[in-house]
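Asks: Protein sequence lines correspond, in order, to chains A and B. Using our numbering, read the first sequence as starting at 710 and increasing by one per residue. Using our numbering, read the second sequence as starting at 44 and increasing by one per residue.
Don't read these hints as lab results, they were simulated from the structure. One should not assume that every hint holds.
What the hints assert, rightly or not - The list that follows gives simulated cross-link-like pairs (lysine to aspartate or glutamate, DMTMM-like), each with its CA atoms no further than 20 Å apart: (1) A:Lys-782 <-> B:Glu-98; (2) A:Lys-798 <-> B:Glu-247; (3) A:Lys-798 <-> B:Glu-246; (4) A:Lys-798 <-> A:Glu-872; (5) A:Lys-910 <-> A:Glu-738; (6) A:Lys-798 <-> B:Glu-249; (7) A:Lys-762 <-> B:Glu-249; (8) A:Lys-806 <-> B:Glu-196; (9) A:Lys-895 <-> A:Glu-738; (10) A:Lys-806 <-> B:Glu-246.
Chain residues, written in single-letter form:
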Amino acid sequence: MIHMSHVFKTYPSQIAALTDISLDILPGEFTFIHGTSSSGRTTLLRILFGAEKPTRGEVIVNGMNITEKGFHKIYQLRRMMGIVFQDFKLLRDRTVKENIAFALEVTGHGGEEVKERVSEVLGRVGLQERERDPILALSAGEQQRVAIARALINDPPLLLADEPTGNLDAQMTTDVMRIFTDLHHKGTTIVFATHDTDLIKRYPYRVIYLSGGEKVDVKTDEEVRTGE
Amino acid sequence: MMFFLRYVMRQASQNIRGNLFPNLTTIGIIAISMLIFSTFTLIAFNLTSFLKIWEDKIEVMTYLKKETPLKEVESLLTRTRQLEGVETVRYISPSDAMTFMEVKLGSQRNLLEGIQPGVLPPSLEIQLKKEFRNSTKIKEVVSRLKQFPQIEEIQYGQEWVETFSALVHILRLTQWILGGLLLVAMIFIISNTLQLTVSSRREEIEIMHLVGASPSFIQVPLYIEGLIQGLFGAGLAIFFLLLLHKGFFLYTPPSIKTWLAGIPILFLPPEPIARILLGGMVLGIFGSFIASMRFLRYSE
Numbered sequence: 710m711i712h713m714s715h716v717f718k719t720y721p722s723q724i725a726a727l728t729d730i731s732l733d734i735l736p737g738e739f740t741f742i743h744g745t746s747s748s749g750r751t752t753l754l755r756i757l758f759g760a761e762k763p764t765r766g767e768v769i770v771n772g773m774n775i776t777e778k779g780f781h782k783i784y785q786l787r788r789m790m791g792i793v794f795q796d797f798k799l800l801r802d803r804t805v806k807e808n809i810a811f812a813l814e815v816t817g818h819g820g821e822e823v824k825e826r827v828s829e830v831l832g833r834v835g836l837q838e839r840e841r842d843p844i845l846a847l848s849a850g851e852q853q854r855v856a857i858a859r860a861l862i863n864d865p866p867l868l869l870a871d872e873p874t875g876n877l878d879a880q881m882t883t884d885v886m887r888i889f890t891d892l893h894h895k896g897t898t899i900v901f902a903t904h905d906t907d908l909i910k911r912y913p914y915r916v917i918y919l920s921g922g923e924k925v926d927v928k929t930d931e932e933v934r935t936g937e
Numbered sequence: 044m045m046f047f048l049r050y051v052m053r054q055a056s057q058n059i060r061g062n063l064f065p066n067l068t069t070i071g072i073i074a075i076s077m078l079i080f081s082t083f084t085l086i087a088f089n090l091t092s093f094l095k096i097w098e099d100k101i102e103v104m105t106y107l108k109k110e111t112p113l114k115e116v117e118s119l120l121t122r123t124r125q126l127e128g129v130e131t132v133r134y135i136s137p138s139d140a141m142t143f144m145e146v147k148l149g150s151q152r153n154l155l156e157g158i159q160p161g162v163l164p165p166s167l168e169i170q171l172k173k174e175f176r177n178s179t180k181i182k183e184v185v186s187r188l189k190q191f192p193q194i195e196e197i198q199y200g201q202e203w204v205e206t207f208s209a210l211v212h213i214l215r216l217t218q219w220i221l222g223g224l225l226l227v228a229m230i231f232i233i234s235n236t237l238q239l240t241v242s243s244r245r246e247e248i249e250i251m252h253l254v255g256a257s258p259s260f261i262q263v264p265l266y267i268e269g270l271i272q273g274l275f276g277a278g279l280a281i282f283f284l285l286l287l288h289k290g291f292f293l294y295t296p297p298s299i300k301t302w303l304a305g306i307p308i309l310f311l312p313p314e315p316i317a318r319i320l321l322g323g324m325v326l327g328i329f330g331s332f333i334a335s336m337r338f339l340r341y342s343e
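This is chain A alone, in the form it adopts within the complex:
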């Protein structure tokens, strides 16, 4: 699903955000990208959804070489993935339903199809009863579930999450993680960036450790499970 080969990212201020990162993530895999702040995990995710271009190296996402010269169809790349952020990135002046429908409308869908799909994804995140509520009436955990529902609206094979539980308490984190694990079991590839070591211990999936922009360690889900 994802192939990164010798990827470097240096900002104009000469700060090296990523240094020689190579990795492969298979379809259906759940992968944590672990690192503290300035480790390069957010930069790595931003490269994956085309918000940053690497200074050097090759990145292929779902068969699209996004580092190829002349690659401009970032919107097509983003239609085949869902993205979830720590700060939710929801439209605060709209309802739950409007927030989710927005993602469909701006990608050219309308009418009954929107109603049906919004209702279906709200069911998947357990918020059917809240569809008419304004976003600000929801708790942080519920808002994050709306953001996940929006990310799932196009039924993407890949879900990128940047600290999605960073603003949530333990119970909300559990609720949100249940949605991610369900999605994983249904075959969605998940790349989950976090600094939370406890979270990684509770969910035994493959982990790529970043520090100072470099890949310092990789543990398979088996190694995480057995605590090696």
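Add chain B to chain A, keeping to what the hints say.
Replies: Below, chain B alone, put in the same frame as chain A:
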């Protein structure tokens, strides 16, 4: 396609309603700028129309030497008729000229008492073909006429035609220079207003990018917004120009009206009005294009 059109129209109208004050300001400024440009267009249009009316009446009078024998006059008539650009030629004998003057003087014809027709020179009244009734072409005909030795003097209101043509030319030049400056100003204003709109919708646009909205879904509503601003601005300019035109007739002092007698002061015909409206829309779209170029780099 219908969904896309409905979406962009709805989005553009939401943008305008959501940023009403900056949009109204832009429409007002476009209207003022377009009004200045349209006023020049209207003045130039009327002067050109007047010039055309005058050019239609243009004729060349050639005065012959008094001693020119009739035989030579006949041959001169034939040769003049053969000149390029000449439509008709009429010979006016001294007695015809005297009759003409008597008619012109009317009740004051007694002024001509004691004057013999012989003092008046015979002349040729030459009507030119339509395409030759302008200062450049007249000169060509006149230079050929000058080669006939029987002709003593040629009159065709040269100075007047040239001065008036120059005036229209200067006016047109001013119109386009001013138009160019106003154009730059309008593009600047429209793009700045739209930048305000884009800034106020930054969050929404960021989400659109993230969920994979194509550039047309993001940018076309902004172009439509610019188009609407340009259309309304230009429409208002035409409306105010019409008011000015009507006001000119209502409030012009009678003395000026008398002076203007016979000169038609027209309003712009549909074609230039359509061009001004179209120009407003194109300007609006161009202004939004610049705004979106600055703010909507897709990778951000």
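Asks: Please go over all the hints and tell whether each is borne out by the structure.
Replies: Here is how each hint holds up against the structure:
no.: 1; hint: A:Lys-782 <-> B:Glu-98; verdict: violated (61 Å)
no.: 2; hint: A:Lys-798 <-> B:Glu-247; verdict: holds (9 Å)
no.: 3; hint: A:Lys-798 <-> B:Glu-246; verdict: holds (8 Å)
no.: 4; hint: A:Lys-798 <-> A:Glu-872; verdict: holds (13 Å)
no.: 5; hint: A:Lys-910 <-> A:Glu-738; verdict: holds (17 Å)
no.: 6; hint: A:Lys-798 <-> B:Glu-249; verdict: holds (9 Å)
no.: 7; hint: A:Lys-762 <-> B:Glu-249; verdict: holds (17 Å)
no.: 8; hint: A:Lys-806 <-> B:Glu-196; verdict: violated (91 Å)
no.: 9; hint: A:Lys-895 <-> A:Glu-738; verdict: holds (11 Å)
no.: 10; hint: A:Lys-806 <-> B:Glu-246; verdict: holds (18 Å)
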